[in-house]
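Chains as they are written, first to last, in our numbering: chain A, 1 to 331; chain B, 1 to 331; chain C, 1 to 209; chain D, 1 to 209.
Simulated from the structure, these hints should not be mistaken for laboratory data.
Glycine is no exception: its CB is placed at the ideal position from the N, C-alpha and C atoms.
Hints may contain errors.
To be verified - Taking lysine to aspartate or glutamate pairs in the EDC-like style, the calculated list, with each CA pair at most 20 Å apart, reads:
id, chain 1, residue 1, chain 2, residue 2
1, D, K65, B, E118
2, B, K201, A, D140
3, C, K185, A, D9
What the hints assert, rightly or not - Stretch by stretch, here's where chain B covers chain D in the computed footprint (C-beta under 8 Å, at least three residues):
id, segment
4, 28-37
5, 40-51
6, 61-75
7, 178-184
Claimed, not checked - Which residues of chain B face chain A? A few of them, derived with a C-beta cut under 8 Å, are:
id, residue
8, T263
9, N289
10, W329
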Amino acid sequence: MKKLINNVDDVIADALKGIELSDDNVRVDHEHRVIYRAEKTRQGKVAVISGGGSGHEPLHGGFVGVGMLDAACAGQMFTSPTPDQMLAATSEADGGAGVLHIVKNYTGDVMNFEMAGEMAADSGVRVETVVVADDVAVQDSLYTAGRRGVGLTVLLEKIVGAAAEEGRDMDGVLEIAHRVNAGGRSMGMALTSCTVPAAGKPTFDLPDDEMEIGVGIHGEPGRHREPLSSARDIAKQLVDPILHDLDFTGAPCIVMLNGMGGTPLIELYLMYGEVVRLLDDAGITIARNLVGNYITSLDMAGCSVTILKADDEILALWDAPVKTAGLRWGV
Amino acid sequence: MKKLINNVDDVIADALKGIELSDDNVRVDHEHRVIYRAEKTRQGKVAVISGGGSGHEPLHGGFVGVGMLDAACAGQMFTSPTPDQMLAATSEADGGAGVLHIVKNYTGDVMNFEMAGEMAADSGVRVETVVVADDVAVQDSLYTAGRRGVGLTVLLEKIVGAAAEEGRDMDGVLEIAHRVNAGGRSMGMALTSCTVPAAGKPTFDLPDDEMEIGVGIHGEPGRHREPLSSARDIAKQLVDPILHDLDFTGAPCIVMLNGMGGTPLIELYLMYGEVVRLLDDAGITIARNLVGNYITSLDMAGCSVTILKADDEILALWDAPVKTAGLRWGV
Amino acid sequence: QSASVATLVEWLHQFGSLVEQNKGYLTDLDSAIGDADHGSNMARGMTAVLNQVADPGAADALFKKVGMTLVSSVGGASGPLYGTFFMRFATGLGDGTEVTPEALVSSLRAGLDGVISRGKAELGDKTMVDAMTPAVVAIEGSVASGESLADATRAGAEAARRGRESTIAMVARKGRASYLGERSKGHQDPGATSTTYLFEALAASLDGV
Amino acid sequence: QSASVATLVEWLHQFGSLVEQNKGYLTDLDSAIGDADHGSNMARGMTAVLNQVADPGAADALFKKVGMTLVSSVGGASGPLYGTFFMRFATGLGDGTEVTPEALVSSLRAGLDGVISRGKAELGDKTMVDAMTPAVVAIEGSVASGESLADATRAGAEAARRGRESTIAMVARKGRASYLGERSKGHQDPGATSTTYLFEALAASLDGV
Ligand SMILES: Nc1ncnc2c1ncn2[C@@H]1O[C@H](COP(=O)(O)OP(=O)(O)O)[C@@H](O)[C@H]1O
Ligand SMILES: Nc1ncnc2c1ncn2[C@@H]1O[C@H](COP(=O)(O)OP(=O)(O)O)[C@@H](O)[C@H]1O
Ligand SMILES: [Mg+2]
Ligand SMILES: [Mg+2]
Ligand SMILES: [Mg+2]
Ligand SMILES: [Mg+2]
Numbered sequence: 001m002k003k004l005i006n007n008v009d010d011v012i013a014d015a016l017k018g019i020e021l022s023d024d025n026v027r028v029d030h031e032h033r034v035i036y037r038a039e040k041t042r043q044g045k046v047a048v049i050s051g052g053g054s055g056h057e058p059l060h061g062g063f064v065g066v067g068m069l070d071a072a073c074a075g076q077m078f079t080s081p082t083p084d085q086m087l088a089a090t091s092e093a094d095g096g097a098g099v100l101h102i103v104k105n106y107t108g109d110v111m112n113f114e115m116a117g118e119m120a121a122d123s124g125v126r127v128e129t130v131v132v133a134d135d136v137a138v139q140d141s142l143y144t145a146g147r148r149g150v151g152l153t154v155l156l157e158k159i160v161g162a163a164a165e166e167g168r169d170m171d172g173v174l175e176i177a178h179r180v181n182a183g184g185r186s187m188g189m190a191l192t193s194c195t196v197p198a199a200g201k202p203t204f205d206l207p208d209d210e211m212e213i214g215v216g217i218h219g220e221p222g223r224h225r226e227p228l229s230s231a232r233d234i235a236k237q238l239v240d241p242i243l244h245d246l247d248f249t250g251a252p253c254i255v256m257l258n259g260m261g262g263t264p265l266i267e268l269y270l271m272y273g274e275v276v277r278l279l280d281d282a283g284i285t286i287a288r289n290l291v292g293n294y295i296t297s298l299d300m301a302g303c304s305v306t307i308l309k310a311d312d313e314i315l316a317l318w319d320a321p322v323k324t325a326g327l328r329w330g331v
Numbered sequence: 001m002k003k004l005i006n007n008v009d010d011v012i013a014d015a016l017k018g019i020e021l022s023d024d025n026v027r028v029d030h031e032h033r034v035i036y037r038a039e040k041t042r043q044g045k046v047a048v049i050s051g052g053g054s055g056h057e058p059l060h061g062g063f064v065g066v067g068m069l070d071a072a073c074a075g076q077m078f079t080s081p082t083p084d085q086m087l088a089a090t091s092e093a094d095g096g097a098g099v100l101h102i103v104k105n106y107t108g109d110v111m112n113f114e115m116a117g118e119m120a121a122d123s124g125v126r127v128e129t130v131v132v133a134d135d136v137a138v139q140d141s142l143y144t145a146g147r148r149g150v151g152l153t154v155l156l157e158k159i160v161g162a163a164a165e166e167g168r169d170m171d172g173v174l175e176i177a178h179r180v181n182a183g184g185r186s187m188g189m190a191l192t193s194c195t196v197p198a199a200g201k202p203t204f205d206l207p208d209d210e211m212e213i214g215v216g217i218h219g220e221p222g223r224h225r226e227p228l229s230s231a232r233d234i235a236k237q238l239v240d241p242i243l244h245d246l247d248f249t250g251a252p253c254i255v256m257l258n259g260m261g262g263t264p265l266i267e268l269y270l271m272y273g274e275v276v277r278l279l280d281d282a283g284i285t286i287a288r289n290l291v292g293n294y295i296t297s298l299d300m301a302g303c304s305v306t307i308l309k310a311d312d313e314i315l316a317l318w319d320a321p322v323k324t325a326g327l328r329w330g331v
Numbered sequence: 001q002s003a004s005v006a007t008l009v010e011w012l013h014q015f016g017s018l019v020e021q022n023k024g025y026l027t028d029l030d031s032a033i034g035d036a037d038h039g040s041n042m043a044r045g046m047t048a049v050l051n052q053v054a055d056p057g058a059a060d061a062l063f064k065k066v067g068m069t070l071v072s073s074v075g076g077a078s079g080p081l082y083g084t085f086f087m088r089f090a091t092g093l094g095d096g097t098e099v100t101p102e103a104l105v106s107s108l109r110a111g112l113d114g115v116i117s118r119g120k121a122e123l124g125d126k127t128m129v130d131a132m133t134p135a136v137v138a139i140e141g142s143v144a145s146g147e148s149l150a151d152a153t154r155a156g157a158e159a160a161r162r163g164r165e166s167t168i169a170m171v172a173r174k175g176r177a178s179y180l181g182e183r184s185k186g187h188q189d190p191g192a193t194s195t196t197y198l199f200e201a202l203a204a205s206l207d208g209v
Numbered sequence: 001q002s003a004s005v006a007t008l009v010e011w012l013h014q015f016g017s018l019v020e021q022n023k024g025y026l027t028d029l030d031s032a033i034g035d036a037d038h039g040s041n042m043a044r045g046m047t048a049v050l051n052q053v054a055d056p057g058a059a060d061a062l063f064k065k066v067g068m069t070l071v072s073s074v075g076g077a078s079g080p081l082y083g084t085f086f087m088r089f090a091t092g093l094g095d096g097t098e099v100t101p102e103a104l105v106s107s108l109r110a111g112l113d114g115v116i117s118r119g120k121a122e123l124g125d126k127t128m129v130d131a132m133t134p135a136v137v138a139i140e141g142s143v144a145s146g147e148s149l150a151d152a153t154r155a156g157a158e159a160a161r162r163g164r165e166s167t168i169a170m171v172a173r174k175g176r177a178s179y180l181g182e183r184s185k186g187h188q189d190p191g192a193t194s195t196t197y198l199f200e201a202l203a204a205s206l207d208g209v
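Only chain A is shown next, with the shape it has when bound in the complex (with noise of 0.2 Å):
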């Protein structure tokens, strides 16, 4: 294993160091590990925050400013974080109007974050809190676990952080939060596996002239392994079944293409360009696009799609400034 590391141990303690430092937007409560914005939440503000395991930076630390969450809860690598950052990220956040918690559908993310939802509960904090399940590798069934929440994660979050920001209320807040939700899918793959610090080995082995599809964010091996093939295969797998799952076509999307970590940036505009070949096929209309490492998975190499159904009002709220380290425009 090789990784800029002083400890295994200290890994996420020492970047939020660096972040904090990095970042003159933002204040670290490292004894609970809380991104917060350097200001208070703007009383009459809904708060938005989210949270999860470490290890998909900038999500969820870098995307804490204006315009975007009010704090984000950092996990221990590929772990949840548990209820009581949560709490103290709810009721330092909260504006008196309300906390929405962003949680992504993981067993795990969504226990944690419930038990903090009741005991905020207890303390008379509104908290609602939206699920996102957006990974269309996984089947989904009222018998299992549901969906994985990934890429859409990122776009959710700015744009229920711009909503939030406009100073719509909790339920203006939640209902584009619920409409962002449904129409947005991704899938992912991988070319190797990520490392994680504390098992100091490969999550998974891979050989070199093979691919994983369908992977998640956490190195957890994906629904099929196929031989390494081209970049144009590669898109047709990613966004054949996103297609296949929900309709796009008739409103203004917005295209995700995130690097998992390990992969350079010429890859991913490699990629993106063949991916747009294919929604172009499609009929489909993109209305904005990210291309970039915007939600990781340590040091993994590949790629997942992202799209979102969107419309005028999602659109306007996407074009929203935003100050934060991860994405910023318009300020």
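With chain A fixed as given, assemble chains B, C and D with the ligands onto it according to the hints.
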């Protein structure tokens, strides 16, 4: 070799398609492999253009846009572009106030830009050149090719681009360019080699327990190899030679902690924390910073540190609005 | 014969050691069908727990604290689940320092119910429930038929082991392994494995008591 | 005996084949002390060149085009250097289709001078100059002492090979290998290697002429 590509010979052409599709603010001349701003250079504005081998994305193409570059030439992988590319970019981007070529100090880049300059001079366009040479890993001497141009290029393109955007004339722009060039130093290291697509295998072998100190951005081996150590020790090995080379005290500094392409953001933040600790101890004031992948070496894991001794004028130019795929704020 | 708080603290120590010794193994199991952290998660949690049991006090307070410590130090799926297990377990123990076999049995049942209501897993979903359920059932049965706590918990550990083995053939329907669908078959569930340590530790701490 | 343009085109073909055959080797040499692209750079350039020599025309125009094609297709350090070599080489050839030994010799010298003035490398800097200089000197000497072009270029190739071998022991002072300092010792220079192919190809094309 595991890469998201179609064909080793098409990587750059395909990536340029993706760049064009993803960024409305640029247009691409595919024949000459030049990325231009969507709008023609404002009459009377000094045009700032750069270029170099591909594989360092977002550098340089990702820095084309308002407040930064007017055009960037994409060479073959790690191979400087050819004079005809630069000549095309020079003629096209000229707004009547002359064209500044920003060149990283490599024999190939310098010679190719030199030939382009000679040809452009024949056409009556005033061409000036600034050669960035900031890598303290390389001993400087009259008898050698001199220091490599690395991380400082990013900072220089931002600052000089802002000066040109403000409407300074060529002499004013050149003066800033030289000031930045004189005040910046960098040092890099690698945990792994990169793999050049056409070569199909890593440029150098690096055992699992060793690292290269003093690498450049082309997978060139570094100054020496040694056992892998902690982030804290690595930070010291990068910062010490920089501070030894130039006195950075008494001025507001801009610090960049740059990833080589294959290192995840969490490690870069962690390293940044270590670097700040060392700079604090040395009494250096960090006025601004960048943490992320800005000048990369394909999929290499590793990082580099760049420090620029700034002043109020340089800071104001740094803070000026910039709207590019790779750097954006204020707009 | 009832179990003293000291014995139950010994249980926690034994569980902590088993987790620590098998940390890499648990993480390896989780690498195959999850995200390679179950060993570190449980080890972090049990280290936090064992830092707090020097002065145990009353049985119910002790295990409430154990549960809360796990909830606030483990995270992931196992944190709320093991945390809930111990918090519910605590409720039936009373505020004394001795726990009767009947109280222990009903507390274990309460813990299991807590895990099920928190995680909504059913038998056969390839989770810790597949080890925990047979273990609790076996202990209940043994105690009901008058066996000693030592014998009952030994039977519980044996049942947990069988439950753990049974997860190998299952297709996961809950937790992270469920994303693998059919590919989860052939792999032993990490949570069922750590749960087996929990019951092996219980049997070991009650051995000879 | 003078050399025809057809022979010189044959030279380019032979050089192109040697480069293509040894593309991986040149890149491997460049991996050790450079950036792993010398083979691809030269192969790309010579492919472009060979696409343009079907209808060669006059000697000077042909080689001017060869030089410009290399400049506009190779990039890196080798593009301007080989490009300059051929553009300068072109100037002394005249606009006929036969080149006298004297014209060939002075053109090679002009090419070498071009490389040196473009790259500022001196003998011993561990560059292509270390193969090119002895090759040109040997050919000049042989032709001056009345040897045939075939013999003279054979001597040139032999001198280039010796020059190429001499780069192994050198510490690089120019080009990318110079960044390695002492670590560049013990490695053969890729550019001196491709230059040796250039002179081996020249000898092969003139063999028997
Ligand atoms: N819904 C659930 N009910 C019961 N147990 C579960 C459930 N989901 C997961 N588990 C258990 O949790 C274990 C994984 O724990 P751990 O790896 O620590 O958390 P995470 O899956 O969040 O990384 C699984 O092996 C399984 O036994
Ligand atoms: N200043 C110079 N003068 C002469 N030859 C040089 C000079 N710099 C580099 N070279 C030659 O160029 C070769 C490298 O070419 P190539 O790998 O194609 O370009 P780059 O170094 O830009 O990647 C070196 O092996 C060396 O022989
Ligand atoms: Mg986990
Ligand atoms: Mg090169
Ligand atoms: Mg896990
Ligand atoms: Mg090279």
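Under a C-beta cut-off of less than 8 Å, do 3 or more residues of the segment 40-51 of chain D approach chain B closely enough to confirm the stated coverage? Holds, because 3 residues of the segment 40-51 of chain D bring their Cβ atoms closer than 8 Å to Cβ atoms of chain B.
For the segment 61-75 of chain D, does the count of residues with a C-beta closer than 8 Å to a C-beta of chain B reach 3? As far as the segment 61-75 of chain D goes, the hint holds, because 5 residues have Cβ atoms under 8 Å from chain B.
Please verify that hint: N289(B), Cβ, nearest Cβ of chain A, below 8 Å or not. Holds - the Cβ of N289(B) comes within 8 Å of chain A, reaching about 5 Å at its closest.
Hint status (Cβ of T263(B) to nearest Cβ of chain A, threshold 8 Å): holds, 6 Å
When you check the alpha-carbon spacing of K65(D) and E118(B), does it fall within 20 Å? Holds, because 18 Å separates the two Cα atoms, which is no more than 20 Å.
Below or equal to 20 Å on CA atoms is what counts here, so check K185(C) against D9(A). Given that 20 Å is the threshold and the Cα spacing comes to 32 Å, the pair is violated.
Minimum Cβ distance from W329(B) to chain A below 8 Å? holds, 6 Å
Are there three or more residues in the segment 28-37 of chain D whose C-beta lies within less than 8 Å of some C-beta in chain B? Coverage by chain B holds here, the residue count being 7 at a Cβ distance below 8 Å.
Given as covered by chain B, does the segment 178-184 of chain D meet the bar of three residues or more with CB within less than 8 Å? holds (count 5)
Is the straight-line distance between the alpha-carbon of K201(B) and that of D140(A) 20 Å or less? Outside the cut-off at roughly 40 Å; violated.
Checked against the numbered hints above, the structure breaks hints 2, 3 and satisfies the rest.
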